[in-house]
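Colleague: The task is simple: from the sequences and hints, build the whole structure.
Residue numbers (the working numbering), protein chains in the order written: chain A, 1 to 404; chain B, 405 to 490; chain C, 491 to 671.
Careful, some of the hints might be misleading.
DEER-style ranges, computed between Cβ atoms [claimed, not checked]:
# : chain 1 : residue 1 : chain 2 : residue 2 : range
1 : C       : M491      : A       : D355      : 52 to 60 Å
2 : B       : L447      : A       : P58       : 39 to 47 Å
3 : C       : S570      : A       : E401      : 25 to 33 Å
4 : A       : V81       : C       : L612      : 34 to 42 Å
5 : C       : S570      : A       : I63       : 58 to 66 Å
6 : C       : P547      : A       : A221      : 46 to 54 Å
7 : A       : N59       : C       : E654      : 33 to 41 Å
8 : C       : D545      : A       : T227      : 21 to 29 Å
Straight-line alpha carbon distances no greater than 20 Å define the calculated SDA-like cross-link-like pairs of lysine to any residue that follow [unchecked claim]:
#  : chain 1 : residue 1 : chain 2 : residue 2
9  : A       : K212      : B       : K440
10 : A       : K29       : A       : E99
11 : A       : K29       : A       : K6
12 : C       : K651      : C       : M617
13 : B       : K406      : A       : E206
14 : B       : K440      : B       : R419
15 : A       : K286      : C       : K578
16 : A       : K11       : C       : S544
17 : C       : K492      : C       : K578
18 : A       : K9        : C       : M617
19 : A       : K9        : C       : K651
20 : A       : K286      : C       : S552
Facing chain A, a subset of chain B residues (Cβ under 7 Å, in silico) [said to hold, decoys possible]:
#  : residue
21 : P409
22 : V412
23 : C413
24 : A415
25 : G472
26 : I473
27 : A475
Simulated from the structure, these hints should not be mistaken for laboratory data.
Each residue gets a CB set at the ideal place from its N, CA and C atoms; glycine is no exception.
Each chain, written out:
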Amino acid sequence: MARETKMDKQKMVVVEGSYAVANAVRVCKPNVISAYPITPQTHIVEELSKFMADGEIPNCEYINVESEFSALSALVGSSAVGARSYSATTSQGLELMHEVLFNVAGMRLPIVMTVANRAVSAPINIWNDHQDSISQRDTGWIQLYAENIQEVSDMTAQAFKISEDRDVMMPCMTCMDGFILSHVYEPLVLLEQEITDEFLPPFRPERILDSKNPLTFGAFADPNIYTEFRYQQERAMQNALKKIEDTANEFYDMYGRHFGGLIDEYRTEDADIIIMAMGSIIGTIKDVIDRLRERNVKVGLLKVRAFRPFPAEAIMNVIRDVKVVVVLDKNISLGMNAGALFIETKSVLYNTDIDVPVIGYMMGQGGRDVPMSTIEKIISDAEEVMRSGIKIESQFTDLKEELV
Amino acid sequence: MKIVPGAVCEAGTSRVNKTGGWRTFKPVYDYDKCIKCKLCELLCPDSSVLPKEDGYFEFDYDYCKGCGICANECPKQAITMVLEEK
Amino acid sequence: MKEIRIHGRGGQGSVTAAELLAVAAFADGKFSQAFPAFGVERRGAPVQAFTRISDAPIRLRSQIYKPDYVIVQDPTLLESVDVASGLKDDGTLIINSDFDPETFKLDTKAKIMTVNATKIALDIIGMPIVNTVLLGAFAGATGEIRPESIMGAVRERFPGKVGERNAQAIMKAYEMMEGQK
Numbered sequence: 001m002a003r004e005t006k007m008d009k010q011k012m013v014v015v016e017g018s019y020a021v022a023n024a025v026r027v028c029k030p031n032v033i034s035a036y037p038i039t040p041q042t043h044i045v046e047e048l049s050k051f052m053a054d055g056e057i058p059n060c061e062y063i064n065v066e067s068e069f070s071a072l073s074a075l076v077g078s079s080a081v082g083a084r085s086y087s088a089t090t091s092q093g094l095e096l097m098h099e100v101l102f103n104v105a106g107m108r109l110p111i112v113m114t115v116a117n118r119a120v121s122a123p124i125n126i127w128n129d130h131q132d133s134i135s136q137r138d139t140g141w142i143q144l145y146a147e148n149i150q151e152v153s154d155m156t157a158q159a160f161k162i163s164e165d166r167d168v169m170m171p172c173m174t175c176m177d178g179f180i181l182s183h184v185y186e187p188l189v190l191l192e193q194e195i196t197d198e199f200l201p202p203f204r205p206e207r208i209l210d211s212k213n214p215l216t217f218g219a220f221a222d223p224n225i226y227t228e229f230r231y232q233q234e235r236a237m238q239n240a241l242k243k244i245e246d247t248a249n250e251f252y253d254m255y256g257r258h259f260g261g262l263i264d265e266y267r268t269e270d271a272d273i274i275i276m277a278m279g280s281i282i283g284t285i286k287d288v289i290d291r292l293r294e295r296n297v298k299v300g301l302l303k304v305r306a307f308r309p310f311p312a313e314a315i316m317n318v319i320r321d322v323k324v325v326v327v328l329d330k331n332i333s334l335g336m337n338a339g340a341l342f343i344e345t346k347s348v349l350y351n352t353d354i355d356v357p358v359i360g361y362m363m364g365q366g367g368r369d370v371p372m373s374t375i376e377k378i379i380s381d382a383e384e385v386m387r388s389g390i391k392i393e394s395q396f397t398d399l400k401e402e403l404v
Numbered sequence: 405m406k407i408v409p410g411a412v413c414e415a416g417t418s419r420v421n422k423t424g425g426w427r428t429f430k431p432v433y434d435y436d437k438c439i440k441c442k443l444c445e446l447l448c449p450d451s452s453v454l455p456k457e458d459g460y461f462e463f464d465y466d467y468c469k470g471c472g473i474c475a476n477e478c479p480k481q482a483i484t485m486v487l488e489e490k
Numbered sequence: 491m492k493e494i495r496i497h498g499r500g501g502q503g504s505v506t507a508a509e510l511l512a513v514a515a516f517a518d519g520k521f522s523q524a525f526p527a528f529g530v531e532r533r534g535a536p537v538q539a540f541t542r543i544s545d546a547p548i549r550l551r552s553q554i555y556k557p558d559y560v561i562v563q564d565p566t567l568l569e570s571v572d573v574a575s576g577l578k579d580d581g582t583l584i585i586n587s588d589f590d591p592e593t594f595k596l597d598t599k600a601k602i603m604t605v606n607a608t609k610i611a612l613d614i615i616g617m618p619i620v621n622t623v624l625l626g627a628f629a630g631a632t633g634e635i636r637p638e639s640i641m642g643a644v645r646e647r648f649p650g651k652v653g654e655r656n657a658q659a660i661m662k663a664y665e666m667m668e669g670q671k
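Modeller: Here it is in structure tokens:
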């Protein structure tokens with residue numbers, strides 16, 4: 001299933017991750033952008049504001065709002081009238097949107113929003129982890145996580161296409177690690193206008209708000225019918241599973257770039273140990289795997305690209321015959337002492353014929369760096385699990401015991 | 405009936421639900437005392453005080469729930485709440 | 491892969507220097523990555539920025555612990571920051587200073603070089619902004635990058651007169667360090 005992505009160096013430029021995303025949004029021809037700055041997302045909306053000022057996003061309204069709650073609320077209206085709508089946020093800003101996130105999904109508005117993943121307060125911390133978006137897991141938003149700035153740029157176009165599909169019509173968060181990806185300068189091919197015009201057709205929803213033909217969105221549903229609305233949303237999420245795969249394949253055919261659909265695999269063939277993770281840590285893990293493979297450690301990577309909808313089947317196919325699965329989480333469900341990807345991976349394996357030990361590590365909280373040595377240590381733990389079974393199921397990584 | 409994704413439906417359907425039947429007291433209007441200050445129209449929570457061409461008002465009894473805010477707020481006591489005969 | 495750490499103070503353009511280095515290295519035909527280590531973002535506070543340069547695409551996202559090269563924009567940082575931390579034995583440490591390298595007693599086996607970037611900046615640019623000058627010095631001292639690529643990156647970022655003056659200062663620093671090698 002792995003597709004080879006050949007990058008043409010002639011077409012690449014070195015830019016900041018935030019610029020790459022802003023450019024991709026411009027290329028997708030949005031009609032409404034709402035913006036409220038918050039570190040480390042700010043550069044994205046700043047770059048979009050420059051594009052607007054330079055007249056490079058025609059037929060678009062850029063709305064400065066007074067809070068993140070308003071940022072998303074404004075898009076509820078604009079998306080309902082049939083405008084392709086975009087915003088970006090992070091951390092406390094995303095949490096302030098919590099109520100509106102449900103409204104957007106419930107009204108089936110295919111808004112796309114970049115989340116520059118950051119820890120949540122208190123204590124105040126502006127650095128990267130995944131607690132902000134993971135905490136919005138059940139709001140009905142598709143969640144995709146990117147490994148590098150090329151992927152998050154390309155993912156922007158894919159997100160609009162997935163969300164706006166008639167069988168999906170659910171909003172999408174494209175998640176990029178704050179600072180690590182939002183502020184990095186590295187080479188990429190900026191999203192191409194001509195191909196994108198063909199890849200992403202104009203947004204033409206079936207039902208729109210129109211004063212000449214008035215409709216009510218998100219109307220009242222009593223106990224007689226509310227369940228059915230929730231069922232429809234769940235069915236749309238299940239439709240998104242296939243759409244995310246199809247869209248990644250179609251993207252590969254047209255652009256020649258592929259970073260996985262629901263998941264991606266790296267050196268998983270013949271692997272005894274599979275590491276599962278999301279986001280920018282993927283690159284570091286790949287380097288560790290290459291190093292350990294030279295020492296004949298049979299380790300591979302399962303990159304989870306879609307966290308919602310959860311790719312249960314795709315994951316099971318990869319880990320079915322391995323000896324141990326290690327799940328890395330940049331988040332924690334307090335009171336469960338485990339991260340979300342670990343909990344959910346374990347849960348999809350229950351009631352199946354797959355019997356593989358799964359261990360979890362919570363790491364990178366609040367921007368704590370994850371060096372290669374940490375991942376090497378975890379893999380040697382996994383080798384120990386292969387020999388003598390699980391001793392600790394889920395744990396904090398690199399905890400400074402002397403501080404607590 | 406099939407439900408529509410996003411709970412999208414025709415707008416203004418609440419018009420068929422005539423809430424005037426909830427009323428116990430109904431407002432009655434004394435034109436002689438009215439100074440056309442519009443407070444009743446402004447404060448009615450159900451948009452049931454309708455302006456007339458001559459600047460005075462009339463009640464939309466189809467939707468007036470008889471809450472009495474208009475009578476309470478009228479500075480000239482031009483509105484009185486009268487027990488509804490049902 | 492070569493890893494570079496730049497030490498400066500908030501407002502001195504360390505992050506910009508790391509970014510320009512990444513742009514220049516890519517123009518040289520390499521792959522590159524630049525990222526900041528943001529702390530308290532205020533003027534005067536010690537800041538670090540990092541650049542990786544490699545022949546192959548760069549996937550590693552961790553911070554840099556064992557740099558090949560260190561650039562110090564402000565010598566007063568030496569009082570509070572261990573600028574030589576983790577520096578490889580065969581690496582190079584470039585300090586903006588008008589003193590000789592021997593003046594600096596640092597806990598490292600790496601080669602220490604100094605350049606009076608502040609004077610070059612004042613003479614040519616007319617302002618004590620040393621970040622681009624030090625990139626020229628880096629090119630001259632290490633040979634890791636062509637000075638033309640740095641000048642190109644700087645001209646693109648700062649078009650017009652500002653870019654031109656910076657380019658001149660870069661060349662001057664490059665030649666001075668080339669001579670010292």
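Colleague: Please go over all the hints and tell whether each is borne out by the structure.
Modeller: Verification of the hints:
1. C:M491 / A:D355: 52 to 60 Å: With a Cβ separation near 41 Å, M491 of chain C and D355 of chain A fall outside 52 to 60 Å, so the hint is violated.
2. B:L447 / A:P58: 39 to 47 Å: Because 46 Å falls inside the window, the suggested range holds.
3. C:S570 / A:E401: 25 to 33 Å: holds, 28 Å
4. A:V81 / C:L612: 34 to 42 Å: violated, 58 Å
5. C:S570 / A:I63: 58 to 66 Å: With Cβ atoms ~45 Å apart, the hint is violated.
6. C:P547 / A:A221: 46 to 54 Å: Once the Cβ atoms are compared, 50 Å apart, the range 46 to 54 Å for A221 of chain A and P547 of chain C holds.
7. A:N59 / C:E654: 33 to 41 Å: holds, 39 Å
8. C:D545 / A:T227: 21 to 29 Å: violated, 58 Å
9. A:K212 / B:K440: violated, 34 Å
10. A:K29 / A:E99: violated, 27 Å
11. A:K29 / A:K6: It is violated: about 27 Å lies between the C-alpha atoms, which goes past 20 Å.
12. C:K651 / C:M617: Holds, at roughly 13 Å.
13. B:K406 / A:E206: holds, 16 Å
14. B:K440 / B:R419: It is violated: about 27 Å lies between the C-alpha atoms, which goes past 20 Å.
15. A:K286 / C:K578: Distance ~24 Å between K286 of chain A and K578 of chain C Cα, so the pair is violated.
16. A:K11 / C:S544: holds, 18 Å
17. C:K492 / C:K578: Holds, at roughly 11 Å.
18. A:K9 / C:M617: violated, 36 Å
19. A:K9 / C:K651: violated, 30 Å
20. A:K286 / C:S552: Holds. K286 of chain A to S552 of chain C sits at ~12 Å (cutoff 20 Å).
21. P409: holds, 5 Å
22. V412: This hint holds: V412 of chain B lies near chain A, its Cβ roughly 5 Å from the closest one there, short of 7 Å.
23. C413: Result: holds, 5 Å to nearest chain A Cβ.
24. A415: Constraint on A415 of chain B satisfied, holds at 4 Å.
25. G472: violated, 27 Å
26. I473: Check failed: Cβ of I473 of chain B comes no nearer than 25 Å to chain A, outside 7 Å.
27. A475: violated, 31 Å
Figure legend: structure checked against the earlier numbered hints; hints not met, in rising order: 1, 4, 5, 8, 9, 10, 11, 14, 15, 18, 19, 25, 26 and 27.
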